[in-house]
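Engineer: Each residue of the sequence shown is one higher than the one before, starting from 1 at the first, in UniProt numbering.
Since the hints were made in silico from the structure, they are not lab data. You may find that some hints are simply not true.
Said to hold, decoys possible - With a cut-off of at most 27 Å between alpha-carbon atoms, the simulated BS3-like pairs for lysine-lysine come out as follows:
1) 82 <-> 126
2) 82 <-> 19
3) 71 <-> 82
4) 94 <-> 19
5) 94 <-> 82
6) 126 <-> 71
Claimed, not checked - Pairwise CB distance ranges (calculated):
7) 118 <-> 164: 48 to 56 Å
8) 214 <-> 110: 42 to 50 Å
9) 124 <-> 32: 29 to 37 Å
10) 207 <-> 164: 26 to 34 Å
11) 90 <-> 211: 51 to 59 Å
12) 113 <-> 71: 14 to 22 Å
Backbone N, C-alpha and C define an ideal beta-carbon position, used for all residues, glycine too.
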Amino acid sequence: MNFVAVAETSTFEYPEEIKPLAMPAVTSSMFDLEGIVALEPDLVLLPDSSMATHGATLQELGIPVFAVTTKEPGQDVYTTVKNQTEAYIDAFAKDETALAAAEDIRARFAALDARIAGARERYEGKTFFGATCVSGTDYYLQAQTSTVSSMMQLLGFTNIYAESMGDTNAPASLETFAGAESDLFVFTSQGTTTVAEAEAFCTECMAENQALWDTVPAVSRGDVIYLPSGYVITAGLNIVDNLGGLIDILDAHYAV
Numbered sequence: 001m002n003f004v005a006v007a008e009t010s011t012f013e014y015p016e017e018i019k020p021l022a023m024p025a026v027t028s029s030m031f032d033l034e035g036i037v038a039l040e041p042d043l044v045l046l047p048d049s050s051m052a053t054h055g056a057t058l059q060e061l062g063i064p065v066f067a068v069t070t071k072e073p074g075q076d077v078y079t080t081v082k083n084q085t086e087a088y089i090d091a092f093a094k095d096e097t098a099l100a101a102a103e104d105i106r107a108r109f110a111a112l113d114a115r116i117a118g119a120r121e122r123y124e125g126k127t128f129f130g131a132t133c134v135s136g137t138d139y140y141l142q143a144q145t146s147t148v149s150s151m152m153q154l155l156g157f158t159n160i161y162a163e164s165m166g167d168t169n170a171p172a173s174l175e176t177f178a179g180a181e182s183d184l185f186v187f188t189s190q191g192t193t194t195v196a197e198a199e200a201f202c203t204e205c206m207a208e209n210q211a212l213w214d215t216v217p218a219v220s221r222g223d224v225i226y227l228p229s230g231y232v233i234t235a236g237l238n239i240v241d242n243l244g245g246l247i248d249i250l251d252a253h254y255a256v
């Protein structure tokens, strides 16, 4: 497919072969629906949550719109992306080149499925507690349905988060973390692109309240992993690399 424009993103880089115009994403305050219409696209891909508004407008103007499912109730994000990919293949893979590319993508999923099964055998029954680090005072709890929680549960871990611990849409009270017992603590972080950057940022933030973080059992033991911003939200097919990377990080931590 010839991409005339794509959404700006900070969570991954587009493949080299895709060199389109980057425009503000639909969730951005700078989103420009008129600019999209002016490009006269043959097709627009939109998240399903935007279909009733922007999608309806585009359809009224005679522009076809394909709804992208971003999250399914009760389904992990990896399975959602796999199903979404199959929907794309069914809809758009109409020649030999596209079908060959589709088989390559399916092979990537199959290889990762085998790694996921192996990781689940190793880590089944372990628990984790998690937070997204924004600043020295602002930490957001990892809900059961968050992207990284979904990935961890796929690999056999259980998230100990409960709604009684606090709302996940607002900074948590730091006392929430004190004494919370888990086998592993998982930090995600905003504005970082590598594990090293994530660790440096989170370590710096924790230093502002180090005495409190020392009371978190997993943290005091050193059972902590740090993940960059690509693990805060899902980014389509990029989840394949993210999940593979997470398995590598866990295996390194547990010296598998």
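Engineer: Compare the structure with each hint and give your call.
Structural biologist: To see whether the hints hold, each was checked on the structure:
1. Among the hinted pairs, residue 82 with residue 126 is consistent with the structure: their alpha-carbon atoms are about 26 Å apart, no more than 27 Å.
2. Simply put, residue 82 and residue 19 have alpha-carbon atoms about 25 Å apart, close enough for the 27 Å limit, and the pair holds.
3. A C-alpha spacing of about 12 Å is found between residue 71 and residue 82, which places the hinted pair at or below 27 Å, so the restraint holds.
4. Only pairs whose Cα atoms come within 27 Å are accepted, and residue 94 paired with residue 19 is accepted, the gap being roughly 22 Å.
5. Taking the CA atoms of residue 94 and residue 82, the gap is near 19 Å; set against the 27 Å cutoff, the hint holds.
6. Between residue 126 and residue 71 the CA atoms are separated by roughly 25 Å; this keeps the pair inside 27 Å, and the hint holds.
7. One distance hint, 48 to 56 Å for the beta-carbon pair residue 118 and residue 164, is violated here, with the actual separation near 34 Å.
8. Residue 214 and residue 110 have their C-beta atoms about 44 Å apart, which keeps the hinted 42 to 50 Å range intact.
9. Between residue 124 and residue 32, the C-beta spacing of about 47 Å breaks the proposed range 29 to 37 Å.
10. The hinted window of 26 to 34 Å between residue 207 and residue 164 holds, with their beta carbons roughly 29 Å apart.
11. Range check, residue 90 to residue 211: Cβ separation about 56 Å, and the 51 to 59 Å hint holds.
12. Between residue 113 and residue 71, the C-beta spacing of about 20 Å keeps the proposed range 14 to 22 Å intact.
The earlier numbered hints that this structure contradicts are 7 and 9.
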